[in-house]
Structure formats: structure tokens, C-alpha cells
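Engineer: Spelled out from the first residue to the last, the chains are:
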Amino acid sequence: MTPTPTYTERLATARLLHRFNFGPTPGEFAALLKGGLAATRKRVLEHGLPDPGLDSVVAPNLPDLGPYPQGNTPAATAFYQAMNTGNQELVVWWLDRMVVSHYPLAERMTWFWHGHWATSVSKVGYPLPMQKQNETLRHYALGNFRDMARVMVVDGALNFWLDNEENYISSPNENLARELMELMTLGVNKFTQDDVTAAALALTGYSTVQSNGNVTFNEEQHYSKPLTVLGTRGPLNAESLAWLITSKAENAKYITDRLWFRFVSGTSSPPSSLEESFAGRDIDELVSALVNSPAWSDPANSLVKSPVEWFVGACKALKVRPSSLNTGDLLWGLSQMGQVPFNPPNVGGWPYGQAWLSGAAFQYRFEVSQLIVTAGDLSPLNVSPSKMVEASADWLGVPEWSRRTASTLAAATKTPSEFATLALLAPEYAVSA
Amino acid sequence: MINCEFDRRRFLQWTGAGLFATASAQLSLESIAGAATTTPLPASTPILVIVTLYGGNDGLNTVVPFTDPTYQSARANIALSASQVLPFTDSLAFNSVMPEMSALYAANKVAIVQGVSYPNPNLSHFTSMAIWQSASMTAEVSSGWIGRWLDIQPHSPFNAIGIGSTLPPLLVGDKSVASMVDLGGIQLPWGPAASLIPRLGRSSSSDVPLEGAAATSISDLFSTAQLLSPLVTKSPTGSFISEQLSLVSTLINANVPTRVWEVNLSSFDTHVGEKADQNALLAEVDAALGAFMTSISAGGRSNDVTVMVYSEFGRRVMSNAGLGTDHGTAAPVFLIGNTVKGGLYGEQPSLSALDANGNLVATTDFRDVYGGLLHDVLGTPVGDVIPSWSTALSVH
Numbered sequence: 001m002t003p004t005p006t007y008t009e010r011l012a013t014a015r016l017l018h019r020f021n022f023g024p025t026p027g028e029f030a031a032l033l034k035g036g037l038a039a040t041r042k043r044v045l046e047h048g049l050p051d052p053g054l055d056s057v058v059a060p061n062l063p064d065l066g067p068y069p070q071g072n073t074p075a076a077t078a079f080y081q082a083m084n085t086g087n088q089e090l091v092v093w094w095l096d097r098m099v100v101s102h103y104p105l106a107e108r109m110t111w112f113w114h115g116h117w118a119t120s121v122s123k124v125g126y127p128l129p130m131q132k133q134n135e136t137l138r139h140y141a142l143g144n145f146r147d148m149a150r151v152m153v154v155d156g157a158l159n160f161w162l163d164n165e166e167n168y169i170s171s172p173n174e175n176l177a178r179e180l181m182e183l184m185t186l187g188v189n190k191f192t193q194d195d196v197t198a199a200a201l202a203l204t205g206y207s208t209v210q211s212n213g214n215v216t217f218n219e220e221q222h223y224s225k226p227l228t229v230l231g232t233r234g235p236l237n238a239e240s241l242a243w244l245i246t247s248k249a250e251n252a253k254y255i256t257d258r259l260w261f262r263f264v265s266g267t268s269s270p271p272s273s274l275e276e277s278f279a280g281r282d283i284d285e286l287v288s289a290l291v292n293s294p295a296w297s298d299p300a301n302s303l304v305k306s307p308v309e310w311f312v313g314a315c316k317a318l319k320v321r322p323s324s325l326n327t328g329d330l331l332w333g334l335s336q337m338g339q340v341p342f343n344p345p346n347v348g349g350w351p352y353g354q355a356w357l358s359g360a361a362f363q364y365r366f367e368v369s370q371l372i373v374t375a376g377d378l379s380p381l382n383v384s385p386s387k388m389v390e391a392s393a394d395w396l397g398v399p400e401w402s403r404r405t406a407s408t409l410a411a412a413t414k415t416p417s418e419f420a421t422l423a424l425l426a427p428e429y430a431v432s433a
Numbered sequence: 001m002i003n004c005e006f007d008r009r010r011f012l013q014w015t016g017a018g019l020f021a022t023a024s025a026q027l028s029l030e031s032i033a034g035a036a037t038t039t040p041l042p043a044s045t046p047i048l049v050i051v052t053l054y055g056g057n058d059g060l061n062t063v064v065p066f067t068d069p070t071y072q073s074a075r076a077n078i079a080l081s082a083s084q085v086l087p088f089t090d091s092l093a094f095n096s097v098m099p100e101m102s103a104l105y106a107a108n109k110v111a112i113v114q115g116v117s118y119p120n121p122n123l124s125h126f127t128s129m130a131i132w133q134s135a136s137m138t139a140e141v142s143s144g145w146i147g148r149w150l151d152i153q154p155h156s157p158f159n160a161i162g163i164g165s166t167l168p169p170l171l172v173g174d175k176s177v178a179s180m181v182d183l184g185g186i187q188l189p190w191g192p193a194a195s196l197i198p199r200l201g202r203s204s205s206s207d208v209p210l211e212g213a214a215a216t217s218i219s220d221l222f223s224t225a226q227l228l229s230p231l232v233t234k235s236p237t238g239s240f241i242s243e244q245l246s247l248v249s250t251l252i253n254a255n256v257p258t259r260v261w262e263v264n265l266s267s268f269d270t271h272v273g274e275k276a277d278q279n280a281l282l283a284e285v286d287a288a289l290g291a292f293m294t295s296i297s298a299g300g301r302s303n304d305v306t307v308m309v310y311s312e313f314g315r316r317v318m319s320n321a322g323l324g325t326d327h328g329t330a331a332p333v334f335l336i337g338n339t340v341k342g343g344l345y346g347e348q349p350s351l352s353a354l355d356a357n358g359n360l361v362a363t364t365d366f367r368d369v370y371g372g373l374l375h376d377v378l379g380t381p382v383g384d385v386i387p388s389w390s391t392a393l394s395v396h
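Order-wise, the sequence lines are chains A and B.
Heads up: the first sequence is residues 1 to 433, going by the numbering used here.
Heads up: the second sequence is residues 1 to 396, going by the numbering used here.
I should point out that these hints are in silico values taken from the structure, not numbers from a laboratory.
Fair warning: there could be bad hints in the mix.
Cross-link-like lysine to any residue pairs, in silico, SDA-like; alpha carbons within 25 Å at most [as the list claims (entries may be wrong)]:
#1 A:LYS190 / A:ARG262
#2 A:LYS123 / B:ALA276
#3 A:LYS123 / B:SER239
Over 12 Å on every C-beta distance to chain B, these chain A residues come out as not near it, computed from the model [claimed, not checked]:
#4 GLY27
#5 ALA39
#6 PRO63
#7 PRO74
#8 PHE79
#9 ALA177
#10 THR197
#11 THR267
#12 TRP350
#13 PRO351
#14 PHE366
#15 SER384
#16 ASP394
#17 ALA412
#18 LYS414
Derived coverage of chain A by chain B (criterion: at least 3 residues anywhere in the stretch with Cβ under 8 Å from a Cβ of chain B; other residues may be distant) [stated by the list, open to error]:
#19 166 to 173
#20 300 to 311
Since the model is a prediction, treat every value here as computed from it, not as a measurement.
From the three backbone atoms N, C-alpha and C, an ideal C-beta is built for every residue, glycine too.
With the rest of the complex left out, here is chain A (with noise of 0.2 Å):
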């Protein structure tokens, strides 16, 4: 007979399966409590596998819906709703992946390098370039991260995002060159303004076509004079700053930084060794090394879940495809609690921690819950009432409810829709302990 898991191993078991695959689909929690942490450990890690669950996901076939049209005609209104459906469609396309996928981390890792090269449609404006910057982040999500910045660096949907269409030698725009290194490479204060300066002389001759993210390259419009970034001298164009700029060490402490903060801890550093194991810019090599740290038993590591994060880990759980819920609602929910997948606020990406736990984003998230709820299997509360509440904590990977949860729960053990409603909204499920 197995022994009863003990605490610090529920705790472990629950953080890599929230952080790591947006939480267990039913039974995948009991399941790897009896297997234990090492075989945990190896499950959350698996990808690039055939995925049967992704079977099911038509990817929208966005067209080219080019230029803006002029005046109030029919076309115009056409070219708007397929722009609008286009991006609604893109949006249930990219959660229907990350609710079904049988191997949920590359969904996972694109999700956090969305939010890294955070770009957004509210500028964009087109569905098509968007799609193809997720399948980029997609493709390289578990990859090399010098690979994934040399083809970012030129990647139509971040170049619009961020100016380099109005980016001159005459007169440079330092926008995609300053976040470049500030927010995606380096970090803060790693670089100076002279770096900025020449390299946005180096992002200089691209064009990006906004309809379709195609960008293409005008030798005469470069800066094709040698330029000094961080140190070296030489010409450069986007790829070779790109390969220069993610061969510094800084390049490998600030990504480890990065992943440590948005699945670790928002308080703590990580160890040393964790960057040392990124030495090389392997993804999949930094994120086994952080899956297999021994971070997951500290109790101060705690995380608040994004509400995309909460809403893919219910849905997950209560086996609910987001495109079988009203489209209309799911955005507006999503919205409201302040995150929409393609529509960061800003190029720093989404907020973190305690930002998303205010009065006004419960009760949207109570809003949503509904939503989730009534559509949602709810037969992992078939036990009887004594076993609910404890069921219920294995259904959604929680490592033990508090008394709080626990004697609310125990109030509604006769109506499972409330009783689901109440552990979705509980605090031990909005935050990953």
C-alpha cells in the first residue's frame, strides 16, 4: 500500500502541474501523487509528441485581408467583421490548445513567450500576423533562445508594434532596438543609450506589410556602416544584432530571471546554477532545470494564477472547450478580468501577483466561473457528500483547502454546480500556494 502523500509533496505535485500545464485534468492529480514527484516531474516536462487532444483544433485560415479600405462602404464593413472574426477566432483557437493538449508545456512556454515579446493586437490590428508570430513563439518555445530572437527580431507583427516601419537612418526610431534589450534580451541597465542608438541604426531597411506580417529587407535603406553594441564593433543588421546581443551573459541571467519569476516566485532570485544550466540557450534544457529545482517544496513560492491561467486550469478540469462557450461572453469575461491572449496592455507584457486580486476582477471572475460551470462535466463530485470536499481538492490539484474552503464547501455538498462555483472562486485556487 502507498503511503498517504504528505503535504510538501502535494504542494510539489500541484505547482508543476498548475505552473507548468495549467493545472490536472481530472484524475491526473491522484494519479501523480501514487506515481510520485520524479515520474511528476517527467510527465509536466513531455513534449513534442504527437498530441491527439490537438487533433480536434482547426487553426483559423486567415486570410490576407490587406490594406485598411477607404470610406464607409459595404467592403469596409466586410473587411472589418472578418478582421474582427479573425481575431476572436484566433483567440478560442489558442485556448481550445492550451485546454486539450495532451502535453500542455509547449502551450505553457508559448504562453509565457507571448508574454515576453508581449505584442498586441490593439496595434497590429490584422489576425494573420499575430497567428504567425504564435506559431513562431510556438516553434521555438521550447527550442534555442538565440535562434527564437533572430527570428523575432525580424517578425512582422513586433516590428509594427514596435515602430520599426518608421525606423530611418536619417532619423532613428529606437523603440524595437531600446525594448530589444531592455525587456526581451538584457534587462534594465544592461546596455546604454549609445547601444540603443546604433542598434536601431542596425534594425534599420525593414518593411513589414501590416496585413500579412511579411517583412522584407531594403539593402539601400540600411545601415550597412559598422556600428559598436555592447562592446563589438562591426555592421550589423537585425539577425547578427540579435546573435550578438544573446551572447552575452546577461542574455542567460535575464531569461532565467524571467522564467523564475513568472513560474517561481515574484519575491525571490533563483540559484546560480539555474542560469548556468541556460548556458548554452537551450530552453528545454533551462525549464528541466527548473522543473527539477528544488524550489517546488519551499512554501514561500507562491504565485497568483493569471486569470487566463485560472479560466484554462477550470476549464481543463471541468473538461470544458473554450469554443463551445458563447464567444461573445468568454471574451467579455476575459476582458473584464483583464486578460485577452494576442492583447497584452503593454510591451512589458501582462501584471503579475497581487495586481490581479482585486474586489472588481472577483467578480468578473464569478462572471466567468458561470460560464465554465454550466457547460462544464461536473462528475468528479459523484462521491458521497463525507468525500466531496477532499475529492474535490484532488479534482483540481489543490493541496489542501483551508478551514475557510473547507467548511464552505462542506455547505454546498448538495448542489455540485455550487459547489463547483465556490472551489473555482476559492482563494486556494486563484493562487498557486
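Using the hints provided, position chain B relative to the given structure of chain A.
Structural biologist: Just chain B now, with coordinates in the frame of chain A:
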């Protein structure tokens, strides 16, 4: 707004009338007791309204040194001409999209603090905004300055209220956070689970700090909803900033016991096509502030309210070829109110003696502005909120 007056009698009427039948009946004793003994904000209590402009508002096209030849030459492609400004001295003018601010300034109700920034300016949005919102130069301090002010107040979910659903760092303290009220109104949970949901807001000894914060957010929603939800109705469609400020003026005029309010507007990061974009945003801000001051002036809090308008930095003196400007440093801060001593404070930074990056050199430290507001409006010694800072710029 008489029928929106909040006082104890009315509060009892509401609850007695059963408007909150489901929710209030199930509120914990503690929150009911707390709410019932809450008094309206005492008369003459000063109130601070903070308006955050995200993205780095171009101060030079807001308060315009329109006669300075360097201004005209450095940004020839976006400079405002004499016909596009509303002068208030022989060398300074408001952008002409700001008639309300111009009129308020003429009535001595606007203090313009010139050239405000902090030492060794950082051109990062995020670092710069973190410095402004934490009032700390080190990344180790993540609490907001209003959050730290909340930490030393007796706890009440009403002390500070932000508009929206996501808490800005400014409003997060080490122990306390502000409440958030969304423009969409306050809708308490409904349906069969509604009666049990308030119980999830109780604290539990096993809570980790973030779980405790999640529980507090739930209990704060219920305790603020009783007082606020009848007042928070979807306002007529205006700009985002005018809807936010209109809600704040409604709640202030109803004597909600709140000392600090926060609203914000984004998209000031005008690297390209600045003139059209910034003018549109400033016009919205100006109209919203004008309507806000009209509403406040007509209510019982006419002399209590001070508004601060700030952004994380101004922009480069030299414009770029994309008809925009890159990240800069110092910019003016507006302090607006019927008891504010209007006029110019600090010094206008030189357009020719720039720093190594071609940016303005600050003449006033932003912590002096906060110091004045802490002292004059919030009645708190500056050092209690901003450790090791003691100077203050008073505009009252």
C-alpha cells in the same frame, strides 16, 4: 446627486429595504458591523485624485515653450505653431486642445510643476513608472507610495479606490491594498452559490500571504458593494478617462469615505505620428478634467479635492523622422483644485543644455511633489511614506 448621498441613515434604509437581500444577509458579522459604523468622509477632509498617463506623455507639446526657437527647430515636424497653442505667459502655452486646463489655470486653480523627474533618469517605461509609483529609486522596493500610506491607516477598504479591475503597483502596500471599482459597475455574485461566496472572503490561519490577499479582495468587494453599488451605474458613453473621472466625482460628491482615488489612461508612447495621437489623448484628458472640476465645484467637496496628473517621463527634445519622439525625461506635473495656489512652480528646463542623450535636465524631484501632497492633502509626514525623504513642494 442628493439621492446619492451616502450616510448612515440611508445605508440602513438600503439594507432594510432588502436591496442586498441575498448578499447582505450573508455577510460576515464583521463586515456588516464595519460597514454600519463607517461614517461618511468628514466634512473638509482633503481628497487626492491621481491621474496616471501611461506611455510617457510629451511634456513639451503639453506645456509648450512655443516662442523658444530651439523648440521650433528641434522638432520642426511636430512643433505646435502660435496658432496651435493657448499662451499663458509670453513663453509658455497649453496645447490648444486643452481649453479647460487653460481656463482653470487662468482661474488660478492649476499649479504646473515644471521639469519634474528623478536623478539619473532611466529611459525605460517600466523602470521609470516603477520609480514614480513606488517613490523609490531601488528595485527592491516594490510597494506603491499610496500602498505604504494605506499601510499606516486604520484598515478600511474605502481608504483608497482605483477605477478598473487590475491593481496598479501604486496602490499595493506591504500590508494593505486599495479597492478597485470597475466602470462596468459592481455586480455581486448571483445564483445559488451567492449566499456562501462571502464566506470565501474570511481569512484562514493556513493562508499563505497571497491566499490571504485573495480572501481580502473578496471580503472587500462585499463590504464596498453595499455602499458603492447604488452609486456606480454605467455612465453615459464618453471617453475612457471621462467615464472614470465622472464616476470618481459622483462617488466623491456622495461623501464616500475615500481619501485617494486613482484613474489612468494609456497610449502616450508616441514614437510615431505624435501630433494627432497626443492631441486626441490630451483633448480627452482636458475635457474629462474640466467636467470633473465642474462637478466637484458644484458639490459639497468643492474645496477638498486635489488632482495630480503625471506620466513616467516626457519625451526627447528632438523629434524623429516618423513624426514622433523617443523616450525622454523631465515633464510638467499638474496639480489641480479649487484650493490649489495656481501658477508655475519649479523651473522650465533648458532646451539647449540637455543631458548626454539629448533629454531635458530635471529641475524638480518628483518626491517633492509627493511630499507636498502627503503633507497638505493626506496629512502624513513625507518620511512615513518615502523613507529618508523630507522635502516637500507645497502648492496649497
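Engineer: Given the hinted pair A:LYS123 and B:SER239, is their alpha-carbon gap at most 25 Å?
Structural biologist: The hint holds at about 18 Å.
Engineer: Measuring Cβ to Cβ, find out whether A:GLY27 lies farther than 12 Å from everything in chain B.
Structural biologist: The claim stands: A:GLY27 keeps its Cβ more than 12 Å from every Cβ of chain B (closest is about 24 Å).
Engineer: Is A:PHE366 truly not at the interface, in the sense that its beta carbon sits beyond 12 Å from all beta carbons of chain B?
Structural biologist: 4 Å, violated
Engineer: Against chain B, does A:ASP394 keep a CB gap of more than 12 Å to every residue?
Structural biologist: 18 Å, holds
Engineer: Does the no-contact call for A:PRO63 survive, Cβ to all of chain B over 12 Å?
Structural biologist: At roughly 27 Å from the nearest Cβ of chain B, A:PRO63 sits farther out than 12 Å, so the non-interface label holds.
Engineer: Are all C-beta atoms of chain B more than 12 Å from that of A:LYS414?
Structural biologist: For A:LYS414, whose nearest Cβ neighbour in chain B is about 10 Å away, the distance does not exceed 12 Å, so it is violated.
Engineer: Holds or violated: is the Cβ of A:ALA177 farther than 12 Å from all Cβ atoms of chain B?
Structural biologist: Per Cβ check, A:ALA177 is inside 12 Å of chain B; nearest 10 Å; violated.
Engineer: Take a quick look at A:PHE79 and tell me if its Cβ sits farther than 12 Å from every Cβ on chain B, holds or violated.
Structural biologist: 22 Å, holds
Engineer: Decide if the proposed pair is consistent with the structure: A:LYS123 and B:ALA276, CA atoms, cutoff 25 Å inclusive.
Structural biologist: It holds: about 15 Å lies between the C-alpha atoms, which stays within 25 Å.
Engineer: If we take the beta carbon of A:SER384, is the closest beta carbon in chain B still more than 12 Å away?
Structural biologist: Holds: least Cβ distance 20 Å, greater than 12 Å.
Engineer: Hey, does A:THR267 actually stay past 12 Å from chain B on C-beta?
Structural biologist: 8 Å, violated
Engineer: Count residues of the region 300 to 311 of chain A with a Cβ under 8 Å from any Cβ of chain B, then say if the count reaches three.
Structural biologist: Three-residue rule met by the region 300 to 311 of chain A, so holds; n is 3.
The structure fails to meet hints 9, 10, 11, 12, 13, 14, 17, 18 from the earlier list, while all remaining hints are met.
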